[in-house]
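S.K.: Be aware that the sequence shown starts at 71, since it is given in my numbering, and climbs by one per residue.
No false leads were slipped in.
Okay, the calculated beta carbon distance ranges per label pair:
#: 1; residue 1: ARG80; residue 2: ARG116; range: 17 to 23 angstroms
#: 2; residue 1: GLU87; residue 2: SER122; range: 16 to 22 angstroms
#: 3; residue 1: ARG107; residue 2: ASN78; range: 15 to 21 angstroms
#: 4; residue 1: VAL81; residue 2: CYS110; range: 18 to 24 angstroms
#: 5; residue 1: ALA112; residue 2: GLN77; range: 27 to 33 angstroms
#: 6; residue 1: ALA130; residue 2: GLN77; range: 25 to 31 angstroms
#: 7; residue 1: ASN78; residue 2: ALA112; range: 25 to 31 angstroms
#: 8; residue 1: GLU82; residue 2: PRO114; range: 17 to 23 angstroms
#: 9; residue 1: ALA109; residue 2: TYR83; range: 17 to 23 angstroms
#: 10; residue 1: GLU121; residue 2: TYR83; range: 17 to 23 angstroms
#: 11; residue 1: GLU82; residue 2: SER111; range: 17 to 23 angstroms
FYI, nobody ran anything at the bench for these hints, they're computed from the structure. If you're wondering where the values come from, they're calculated on a predicted model, not measured in any experiment. Idealized CB from N, CA, C, for every residue including glycine.
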Amino acid sequence: MAGTSEQNCRVEYRGREIVISGPAREAHAQAQRIIRRFACSAVPYRMAHAESDQVILKPA
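Please construct the entire structure, taking both the sequences and the accompanying hints into account.
M.R.: What follows is the structure in structure tokens.
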């Protein structure tokens, strides 16, 4: 069975930053899920930095 993007990515919480590491497509998909999840919270997140294998989210 194929793995899901959540299984292919590693999510780390570094202080107020969320760092998602893994293949680019899966990391970006996971980042979008997290951004949507926090969209209506007191501290929404935005994409602060994206590389080929890592996405960093920071509070908006």
